[in-house]
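Asks: Chains W and G are the protein sequences, given in the same order.
Each residue of the first sequence is one higher than the one before, counting from 1 in the numbering used here.
Each residue of the second sequence is one higher than the one before, counting from 1 in the numbering used here.
Each hint can be trusted.
Over the 10 Å line for every Cβ pair with chain W, so calculated as not near, a few chain G residues:
{"no.": "1", "residue": "THR48"}
{"no.": "2", "residue": "GLY90"}
{"no.": "3", "residue": "VAL207"}
{"no.": "4", "residue": "SER232"}
Far from chain W, by Cβ distances over 12 Å, these chain G residues were calculated:
{"no.": "5", "residue": "TYR68"}
{"no.": "6", "residue": "THR73"}
{"no.": "7", "residue": "SER75"}
{"no.": "8", "residue": "TRP78"}
{"no.": "9", "residue": "PRO200"}
{"no.": "10", "residue": "ASP230"}
Pairwise CB distance ranges, derived in the manner of DEER restraints:
{"no.": "11", "chain 1": "W", "residue 1": "ARG74", "chain 2": "G", "residue 2": "ARG114", "range": "41 to 51 Å"}
{"no.": "12", "chain 1": "G", "residue 1": "PRO21", "chain 2": "W", "residue 2": "HIS236", "range": "20 to 30 Å"}
{"no.": "13", "chain 1": "G", "residue 1": "LEU97", "chain 2": "W", "residue 2": "THR36", "range": "20 to 30 Å"}
{"no.": "14", "chain 1": "W", "residue 1": "THR134", "chain 2": "G", "residue 2": "THR119", "range": "34 to 44 Å"}
FYI, nobody ran anything at the bench for these hints, they're computed from the structure.
Built from N, CA and C at the ideal position, the CB exists for glycine as well.
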Amino acid sequence: MTATNPTTLDPAGGASAPPAGLRPVRRPSKDRAAETRRKWYEIIGLTTPAIVVYVTFVLVPMGFALYYSLFRWRGVGPPTEYIGFDNYVMAFQDPIFLDALRNNAIIVFGSLLLQGPVALGVALLLNRHFRGRTLFRLLAFVPYVLAEVTVGIMWKLILTPNGSLDALLQSIGLGGLVQAWLADLDIVIWTLLFVLTWKYVGFAIILLLAGLSNVPQELNEAAAIDGASWWQIQRHVTLPLLGPTIRIWMFLSMIGSLQVFDVIWVTSVPAVRSLGASATMATYMVDNGFFARLWGYGNAVAVILFVISFVAALLFQRFLLRRDIQGATTGRAN
Amino acid sequence: MTANATLSPSRRRRPVSWGNPLTYGLALAVAAVSIVPVLYVIIGGFRTTPQIVANPAGLPDPWVFDNYARVLTQSGFWTQAFNSAVIALGTTLGVVLLGVCAAFVLARYTFRGREVLYTFFTLGLLFPAGAAILPLYLMLRDMNLINSYFAVMLPQIAFALPLTIVILRPFLSAIPRELEDAAAIDGTGRLGFLWRIMLPLSRPALVTVGILAFVASWNAFLLPLLVLGDASLHTLPLGVQNFSSQYTSDTAGILAFTSLAMLPALLFFTFAEKQIVGGLQGAVKG
Chain W
1 MTATNPTTLD PAGGASAPPA GLRPVRRPSK DRAAETRRKW YEIIGLTTPA IVVYVTFVLV
61 PMGFALYYSL FRWRGVGPPT EYIGFDNYVM AFQDPIFLDA LRNNAIIVFG SLLLQGPVAL
121 GVALLLNRHF RGRTLFRLLA FVPYVLAEVT VGIMWKLILT PNGSLDALLQ SIGLGGLVQA
181 WLADLDIVIW TLLFVLTWKY VGFAIILLLA GLSNVPQELN EAAAIDGASW WQIQRHVTLP
241 LLGPTIRIWM FLSMIGSLQV FDVIWVTSVP AVRSLGASAT MATYMVDNGF FARLWGYGNA
301 VAVILFVISF VAALLFQRFL LRRDIQGATT GRAN
Chain G
1 MTANATLSPS RRRRPVSWGN PLTYGLALAV AAVSIVPVLY VIIGGFRTTP QIVANPAGLP
61 DPWVFDNYAR VLTQSGFWTQ AFNSAVIALG TTLGVVLLGV CAAFVLARYT FRGREVLYTF
121 FTLGLLFPAG AAILPLYLML RDMNLINSYF AVMLPQIAFA LPLTIVILRP FLSAIPRELE
181 DAAAIDGTGR LGFLWRIMLP LSRPALVTVG ILAFVASWNA FLLPLLVLGD ASLHTLPLGV
241 QNFSSQYTSD TAGILAFTSL AMLPALLFFT FAEKQIVGGL QGAVKG
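Required output: the full structure, derived from the provided sequences and hints.
Replies: Here it is as C-alpha cells:
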C-alpha cells in the first residue's frame with residue numbers, strides 16, 4: 001500500500017499548512033469533489049464486507065424464520081401449505097412449550113438473583129490489593145472459560161446417581177439430601193440453574209472487575225482519609241459508580257438466559273427434557289424443528305424466542321440502560 | 001499490553017501487600033468452588049472405571065495413564081482439535097478484519113447515515129443467535145455449505161460483528177485527531193493511516209475482540225451440531241458430547257476426554273486473562 005495520496009495534500013505545500021490542532025485548510029472545489037468521491041469509495045469499500053456478512057447471516061435468517069413459521073412444512077421442497085398463525089397457536093397450547101417458557105423465566109431471574117450478589121462480593125474481594133490476587137482471579141474465571149459442553153458433561157458425571165456428589169454428601173453425614181439430581185422432574189431445573197450459575201458467574205466477575213478498575217483510586221483514598229470504613233467506601237463510593245457495569249451485565253445475562261441451550265442439552269436426560277421438566281425454548285425449538293423435522297413449527301418457536309428476547313431487551317433498555325447506551329454511542333464516558 | 005497500561009491511568013502500580021486472613025479465607029473458598037469440580041474431572045481421568053464406581057470421590061490408587069493414552073491415540077481427539085483450531089482461527093481472522101474496517105469507518109469518517117449504520121450493527125446485539133439457527137441451517141443447506149468449515153465460520157463472524165464494532169469504535173475514536181492530520185501532512189492517506197498508525201495503536205482492543213471471538217468459536221456447540229454432520233469435521237465440543245454418549249459405561253474415559261478438551265481453553269485463557277479484563281475496561285466504562 002503506497003502512502004502517497006495527492007488529494008489529501010495541500011497543493012500549496014508547507015507554507016500554508018494549518019496550525020496544529022485545526023482541520024486542514026479548504027481546498028479548491030475540483031479537488032474537493034474528487035476528495036468526496038474518494039471518501040465514499042473508501043467508506044463503501046471498507047464497510048461492504050461486514051454489511052454483507054452481517055445481513056446475510058444475521059438479518060436474512062430471521063426474515064426467513066418469520067416466513068417459514070406461517071407454513072406446515074417438513075423442510076423438503078419449497079413450503080406450500082400456508083396455515084397462517086396456527087403454528088404459534090399450537091406452541092402456546094403445548095404444555096411442554098409452556099414448561100419451557102417457565103424454565104426460561106426461572107433461569108433468567110434465578111441467574112440475576114444468584115449471580116449478581118455473588119459476583120459483586122467476589123469482585124470487591126478480588127479487587128483488593130493482596131499478594132496472589134492474580135492467581136485467585138484466574139481460578140475464579142476458570143468455569144467461564146470452559147466450553148458449555150465440557151461443563152455440562154462434567155456436572156453430569158458429578159451429579160450422576162451414586163456419583164461423587166452423593167458420595168460426598170453421605171461422607172459428611174448429609175446422605176438424606178441425596179437426590180436424583182438430573183432425573184427428578186421437580187428438581188432438575190434447579191440443579192441446572194446451579195450448574196448455569198457456576199458456569200456464568202465468572203463472566204459477571206470479569207465485567208465487574210473491569211468496571212472496578214475504572215473507579216478512580218483517588219476517590220477511595222479521599223474517602224479513607226475522611227475516616228470512612230472499607231464497607232462504607234464500597235457502599236457509598238464504589239457501588240454507585242459500578243451502576244452502568246451492573247446494568248450491562250444484567251442485560252447480557254438476561255439475553256443469554258433466554259437462549260440458553262448447550263448446558264441444558266448435554267446435561268439433561270432427553271426423556272426428562274421431552275417431558276418439559278428441563279426444556280428451554282431453545283432446546284424445544286431444536287428438538288422439534290431440527291430433529292423432528294417440523295420446520296414450520298420450529299421456526300415459529302424461533303420467532304417467539306426472538307420476540308420475547310427483543311421485547312425484554314427493549315424494555316430493559318428503555319427503563320434501565322438508556323443513560324449507559326447514550327454514553328456508549330457518543331463514544332464518551334458519561 | 002504495555003500500550004494498554006499507558007491508556008488506563010487508573011491502573012498505576014500500587015504497593016502490593018499481604019491481605020488479612022479473612023481475605024485469603026474468602027479467596028480460597030471462591031477458588032475451591034471454581035476449581036474443585038474441574039480437578040475432580042482431571043484427576044478422575046487417572047483412575048479406572050471400577051475405582052470410580054467403588055469410590056466415586058476418591059483419589060487415584062494406583063494412578064493410571066491408560067485413559068489419557070487411549071483418548072489421544074484412538075478417539076479422533078486430534079482431528080477434532082485440528083477442526084476446532086481451523087474454525088476458531090478462521091472466525092477470529094474474519095471478525096477482526098471485517099470488524100476493524102467497519103469500525104474504522106464508523107469512528108474516523110464523517111458522513112450522512114453514519115449513526116444509522118452504527119445503530120444497524122448494534123441491533124445485532126439484541127438478536128439471539130440461537131433463534132436464527134433453523135433458518136440459518138436451511139440457508140446454508142441451499143448454499144451447499146453444510147459439512148464445510150465455512151458453514152460454521154461465516155455465521156460466527158456475522159454474529160460476532162456487533163460486539164466487535166461496539167468495542168472497537170470508541171477505541172478507534174479515542175486516537176487523537178492530530179495524529180491523522182500529521183499523517184496527512186506527511187502524505188499518508190486515510191487508508192495508510194489505518195494500516196500504519198491505527199492498527200498498531202489499537203492492538204490491545206484488537207487482541208481483546210480477537211480473544212472473545214476465538215473463545216466463543218472454540219466453545220461453540222449448537223451451530224456445529226446442526227451443520228457438521230460429517231464426523232471427520234467434528235469440533236472438540238461435538239467430540240466430547242459424542243464420546244460421552246457413545247461410551248456411557250466408560251466413565252474414566254469420558255473424564256479423560258473431557259479433561260483433554262478443556263486443556264487448550266485453560267492454557268489459552270491463562271495467557272490472555274489480563275488482556276480480556278484490560279480490553280473490556282473501555283467497553284464497560286461508567
